[in-house]
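Number of protein chains: 2
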Amino acid sequence: MKHAVVLLSGGLDSATVLFYAKEKGFLLHALSFDYGQRHKIELKFAEKIASSAGCESHRIAKIDSDLFHGTALVHDEIKVPENRNIDESIPVTYVPARNMLFLSHALSLAESIHSRHIFIGANALDYSGYPDCRPEFFSSFEKAANLGTKAGVEGDPFHIETPILSMSKAEIIREGFRLGVKYENTTSCYSPGKDGRPCLKCDSCFLRLKGFQEAGRKDPLIEKFGIDV
Amino acid sequence: MKHAVVLLSGGLDSATVLFYAKEKGFLLHALSFDYGQRHKIELKFAEKIASSAGCESHRIAKIDSDLFHGTALVHDEIKVPENRNIDESIPVTYVPARNMLFLSHALSLAESIHSRHIFIGANALDYSGYPDCRPEFFSSFEKAANLGTKAGVEGDPFHIETPILSMSKAEIIREGFRLGVKYENTTSCYSPGKDGRPCLKCDSCFLRLKGFQEAGRKDPLIEKFGIDV
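Protein chains in written order, with my numbering: chain B, -11 to 217; chain U, -11 to 217.
It is worth saying that the hints were derived from the structure and are not from the lab.
Any given hint could be a false lead.
To be verified - To give an idea of the interface, some chain B residues facing chain U are shown, with a C-beta separation under 7 Å as derived from the structure: (1) A49; (2) V80; (3) P84; (4) A85; (5) M88; (6) F129; (7) G143; (8) D144.
Fair warning: this is a prediction, and the values are worked out from it, not measured in the lab.
No residue lacks a Cβ here, since even glycine has one placed at the ideal position from N, Cα and C.
Required output: the full structure, derived from the provided sequences and hints.
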């Protein structure tokens, strides 16, 4: 069996990708990050998801949050926008070079454990406008990865796997239900309560709500908190 | 004045690049890494160099060394090769995706502080055969960086600056003396003594010795330790 490194945030998208990789027969090595995010509670959700998927390993790597300035996802003094009109612009929740950092860690781990497959739950359709969620970024990262690693130059290349990149949120959710993802163990909110209760006002909550509505399903997380939407 | 992020290991190459960027008129933000390297003493050298160059800031970011398996630079059970015949092969001192990780951190910091220039003291001539020290890696990283960041997609691109990439070690050393680098504040050894005394047996010591010989200069570090070579 082949090993895969799967970036796991604790959110809906990466949880779905984890179960997707499982169905494809990979041995799963989940990788999450503590980068000073205000929604650090997502790491507890990530642990539950990793456990429910039967991962071989789950690491939480720390990234120095001193690197990031001016992002609402790390710094309390910048407010997470509520009820924003999601358009083409890049919001203040953008974290500089986040996916580059996450993928670099994943690449390093993958080469160390002889895995050549890195899964990331990025989505370029129902997303917040982040530049590092676009297909052209992932293909250029993959190219750089194969030029800058021992395995890559020795002809045993890495593959950046983005199975939900072109799916709508509703399609992701339908696929997740089919795969048996426990969505009550996932969180999407940028400003959750201490118990993980979603704010229902940020971009991420909005996209999740819309996704479940369009998929014609109830969100088990919303049901868990007894929220009426 | 423009800001530059300069990767600073505490070694000879990155110290030279730091002073090169200074001469070019950049305000300097040095970035070093604690990644569990056995030669962690290099961080003390990095502090001295950053201070002597008058850096605006110097950060030491921690990278989770659990990511790396099977590299002699992190794990004590793997021996650093002595008196190795430096050829085309990639040695056991290779750290998986190290420059990708370092540059990703630098990119994140650079975007945060509105710098568009990232300097790295990589060298593709007198080097140990690492794939992530080759020009094709840096150009592909730069491309990925500009596709995956806000600044990049908004037309204000990042530049990965590799001023000593094609220089021999002797040329780097001559340039460094011209720039006023204090080489006694730099370390190159993979297995230094607790006081920073070089082993004079590893690849890195060998390349440094050879470089000073070819440059027709005495190494101030060697003189500091009163070593007779």
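Taking 7 Å as the limit, does the beta-carbon of A85(B) come near enough to a beta-carbon in chain U?
-> holds, 4 Å
Holds or violated: is the Cβ of D144(B) closer than 7 Å to a Cβ in chain U?
-> With a closest approach of 12 Å, the D144(B) hint is violated.
Can we keep the V80(B) interface hint, with Cβ of chain U closer than 7 Å?
-> violated, 10 Å
Classify the hint on M88(B) as holds or violated, based on whether any CB of chain U lies nearer than 7 Å to its CB.
-> holds, 5 Å
Using 7 Å as the Cβ threshold, decide whether G143(B) counts as touching chain U.
-> violated, 12 Å
Return the status of the interface hint for A49(B): holds when the least beta-carbon distance to chain U is below 7 Å, violated otherwise.
-> Since the shortest Cβ distance to chain U is 4 Å, the answer is holds.
Chain U contact restraint on P84(B) - CB to CB distance below 7 Å = This hint holds: P84(B) lies near chain U, its Cβ roughly 4 Å from the closest one there, short of 7 Å.
Hint check: is the beta carbon of F129(B) less than 7 Å from a beta carbon of chain U?
-> holds, 5 Å
This entry does not satisfy hints 2, 7 and 8, going by the numbered hints stated previously.
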